[in-house]
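Single-letter residue listing:
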Amino acid sequence: MPPNNITDHRVVVRVPSDSDDVRTAASEGDANVVAVGRTGIPDLEPLVTVTIEGRTALYPNCPPDQAADIATDITDGTLDEGAAVIEHDPDAASFPAAAVRGLDLGTRRVLGGCGWRRPASAADHEAEGGFVDVSPNDVLDAAETLRGRGWGDWRHDDRVADDWRRLRDDEHTAAVVVNAHAAVDGLLLESAPLEVLEGAQLAAQVVGAEKVVVYVSEDDERAVTRTRKAADAYPDPVAPVDVVTGPSAYRAAEPTMVLEAIEGNHRLEARLRPPGSSAPTLHETPALVHTARTLAQLAVAVRTGTPPTRLVTVSGDVESPATVELPESDRLADALAAVTLVDGFKAACVGGRFGGLTPSLDVAADPDALADADLGTEGTVEVLGETRCVLEFVGKRTQFAAETNCGRCVPCREGSTQLTELLRDVYDGDYDAEGIEELTRVMDASSVCEFGVVAGRPARTTLDAFDAEVAAHADGRCPTGTCFDAPEVTH
Amino acid sequence: MSSQHTQDVPPLTETIAPGTATDPDVTSTETETITVDGTEVTVAAGSTLLDAVEAVDTDDQVAALCHYGREDIGPRSTCRTCMVDTDAHGLVPACSTPAEDGLVVDTDTETATEARDVNLDLVLSNHNLRCTTCGKNGRCELQDAAIDNGVEEPRYGVFDDRGAYEPIDDSSSFIQIDRNKCILCNRCVEACNDVQVEGVLRVEGTGADTRIGFQSGVETMEESTCVSCGHCATVCPTGSLVETDIADAATIQLPGFTQKNSIGKTYESSTTSKGPMTPKKGEERTEREQSTETERARESTVDEREGWP
Ligand code: SF4
Ligand code: SF4
Ligand code: FES
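Residue numbers (the numbering used here), protein chains in the order written: chain A, 1 to 491; chain B, 1 to 309.
FYI, nobody ran anything at the bench for these hints, they're computed from the structure. Since the structure is predicted, the reported quantities are computational estimates derived from the model, not experimental observations. For every residue, glycine included, the Cβ atom is placed at its ideal position computed from N, Cα and C. Some hints could be false.
Label pairs and their in silico Cβ distance ranges [claimed, not checked]: (1) Asp236(A) <-> Ser228(B): 57 to 65 Å; (2) Ala55(B) <-> Ser277(A): 38 to 46 Å; (3) Asp245(B) <-> Glu284(A): 41 to 49 Å; (4) Asp160(B) <-> Glu437(A): 20 to 28 Å; (5) Arg424(A) <-> Asp245(B): 39 to 47 Å.
Use the sequences and the hints to build the structure in full.
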């Protein structure tokens, strides 16, 4: 008999749904095997876990033959005490804290379902207390302190509830658009799609939206199939769910480009956004555009009333990237415990592709603290090791901006091109710090969309924090020995 | 309302694919009174801050280069040489900010002036500034703006790399395109699609490759579905789109030095006499295609990219 939900059974063997070999091997025995999504810690994958009555054994990097053994051995009903074992509430429907690196950090609420619940199982989501029956006012109350997550959110860093109130009184709202273009939003859709969909349904209920449109990158096929399955399993949705794919290009995550992509425009550029404009439109009718992260936070807030958290992904010069969930008061530095640095720590690019460069992660994950430090709030920490040249990094990043912007506005399109040139000029001995600052100021102040607003941030923050290293290049010297050809050795 | 929608016959304009985004309305809904550089101005419903700015003698020049303000063309708001300071919203582009009662606008704060000057220089940085051989010399809005704003040496220089020039498209007997002079204001695209409803021109490409092209996907004006109405050339602020018979009209005649050979390569007409027939419309490439290999390569190799510095 298939289990109703993951807490109904005495013994549950969890296998990664991404790894067919492991799943097939584990399913050979009689054990109750369930397929779950990624945890956010790829270093542990494939991760197999065995739960018996409030105790769970973890088997990171589990090859298929071991998975087969585990599933066979478990039929005697006792845990293998040799593995890392965690104790938890027997009814736990969220991944409990575990003494395994990456799973021992912060908290797991929004990520709670990832690697623990079956992605498209309504029963599992219900076991966690999902599908709450609340009034629109309760939702608005719970959303009071909720701020948009990521640059793909129409209300990035701003309160979302004000728009919702306004639209609630509006005669017609077309859709709640779930922007899941960013990698971390894709992770949520793959591993805990019902959390995201519940957030979207709650928002749809408040504003009376006709439908929910989930937008993912064309490259993220897994997110597409899981979301479709989860939407089919969703009990009594207030609004039907569509899944739409857009180009994988970085800029295609910008909220108005998301709407252009959904409307089917063959070329994506940002729309104007006059100050104070409330909602953008989808097919001429107002729509909400929020990231999967924002909506999953909403679902958790409505259900538990707990304060918001932040998803932080550490990548760059690390052995394997990791995504963890931190209370907003935790420092970004805390997230480093989830990874192994391969080249020490010199700096990090914090807060997105165009984040700020900083030599110190002693800053809270809270968006205000990050903004004060001129860092981004995207939830990414890209580590630059000791032997990395910051000028090279920032030059390439700026060049990326010049090559991939939508082409609409002058400060971003021409600005990023000229900024790349100004950075290149440093190598010829011409370090015009004032010119670089002036240009990044204008890009920030006058670009049409957030792409251009932040495109100059890597350069600006590098000049602030690594002035001497940049200046050394103007004297023909790269402190890390990365940039200039090695001088010819004369004997 | 939506059920009605599905039964409607799609309007003709649905086959037009200009490659631009659907902008929201950026004008005021009512009559508004605002203060510009200390002077109170009342503007009618449907106004932007630029309407108010233009109504007074401002403390500082506001170039507003890409603004056209007629025939419902624009505001495209791409040049950002109309940035002004406001008490409520900080720095905003005047041409695409709705007039708002009680708003106090300043044109000559340090940040506003800096933004306008830098953006004007950025426009010039990608413009072939060989005015002496240009058909629009003396009637060019970019030239006027540069003179009015006292630009002597643009910060980022001017586009002057012969190797990188786009060939002039002189294939049509009626309209010549010199993309090296295009400021991407989009007026021509709107004139062609929204005013004339011809659906010939579009914006294409991204980043530095953004350019004016043809909806049918062809490379030259001659092969395009152009009906030679000339509206695009009328609205073009620069020497980018000009009627062929005046392409050299305003140039200073230097022996052997014309607009065409100042660039290098030119697309000439393939036939000696072009009949009245224009190629059929309808084969527009409007569907979004999967990202191409080049796009993917450009996107994915952020940190491995060659050619740095
Ligand atoms: S800021 Fe950049 S990406 Fe955004 S509209 Fe302007 S050119 Fe396009
Ligand atoms: S060709 Fe002229 S009208 Fe058209 S976008 Fe370029 S500058 Fe503007
Ligand atoms: S005139 Fe306002 S952006 Fe060009």
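Taking the numbered hints from earlier one at a time, note which ones the structure violates and give those numbers from smallest to largest. 2
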